[in-house]
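As they're listed, the protein sequences go chains A and U. Using my numbering, you'd call the opening residue of the first sequence number 1 and step up by one each time. Using my numbering, you'd call the opening residue of the second sequence number 1 and step up by one each time.
Any given hint might turn out to be false.
Stated by the list, open to error - Here are the simulated lysine-lysine pairs, DSSO-like style, with alpha carbons at most 27 Å apart:
#1 U:Lys-106 / A:Lys-85
#2 A:Lys-113 / U:Lys-118
#3 U:Lys-92 / A:Lys-102
#4 A:Lys-85 / U:Lys-42
#5 U:Lys-85 / A:Lys-39
#6 U:Lys-50 / A:Lys-85
#7 A:Lys-102 / U:Lys-113
#8 A:Lys-58 / A:Lys-70
#9 U:Lys-106 / A:Lys-106
#10 U:Lys-85 / A:Lys-70
#11 U:Lys-42 / A:Lys-92
#12 A:Lys-106 / U:Lys-85
#13 U:Lys-70 / A:Lys-92
#14 A:Lys-85 / A:Lys-58
#15 U:Lys-106 / A:Lys-118
FYI, nobody ran anything at the bench for these hints, they're computed from the structure.
2 protein chains.
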Amino acid sequence: MSNRVSESEQIVMEVLWQESPLTSQQVVARLEAQDWNEKTVKTFLNRMVKKGVIGFEKEGRKYLYHPIIKREEYIQSESNGFLNKVFNGNVKDLLATFVQNKQLSKQEIAYLKELLEKE
Amino acid sequence: MSNRVSESEQIVMEVLWQESPLTSQQVVARLEAQDWNEKTVKTFLNRMVKKGVIGFEKEGRKYLYHPIIKREEYIQSESNGFLNKVFNGNVKDLLATFVQNKQLSKQEIAYLKELLEKE
DNA sequence: GGTTATAGATTACACCTGTAATCTATAACA
DNA sequence: TGTTATAGATTACAGGTGTAATCTATAACC
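All chains should be modelled from the sequences, with the hints used to inform the complete structure.
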């Protein structure tokens, strides 16, 4: 089993990053919008435990799940992967693509300029 | 067979985006750095044809492969997928993450500011 | 205490992907 | 023209992923 987080698993991670620990039932409840069978969610939780990306504490017969990897680290790692894969590591190209293809509000533009000033 | 381009397949696509049409041998030659068996590359070409992301013209017994999907469209689609998946669609967050975590040269910063001006 | 509901564990199964080896037809060479 | 090299097609096979159903043990209820 690899220890990469699949797309579906990431959706489960988001729930636990938002709030934890949670029982599987609570996770299922918070994923209602996904329209996944409860069994499916439990499979994901199980696999994620095996991958070592989440852990749990037993509480009676139930488990209380919590994230092990940090959201920031995950985002960093995904971002770098994406940067290398799609933009061959060229940050400028990546930024230009997003700046040009997405509508940015005046506020956002101002905010980003400020960030650039600080660099 | 899905019509998404896998990671390995994308590497093959890059070759054809750079130059096409190419025979499988030429593609193999341009992928020497990948250290893939020739058979492996041919499998990828085959699958990509089935997925409809590349096409070919017969030239005698050989095929001349060419991309069907455009690089720009691919990048757009991957970028949007990434944006939604990792940043929940929030471009500002995405841009901030890359601006803050990557070293940008003065030139790059100037260039990006210029882009922002134009928005 | 016996029965039932439920929690997590195990099993299932098809499709995708990485990574080739083998098959089959034919072009090219001797 | 018979043999061989080679092109693409087909087959292989393990591990990951989506999507659950079934198994097994136990907590909870009657």
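Worksheet item: Quick check: which numbered hints come out false for this structure?
Response: 11 and 14
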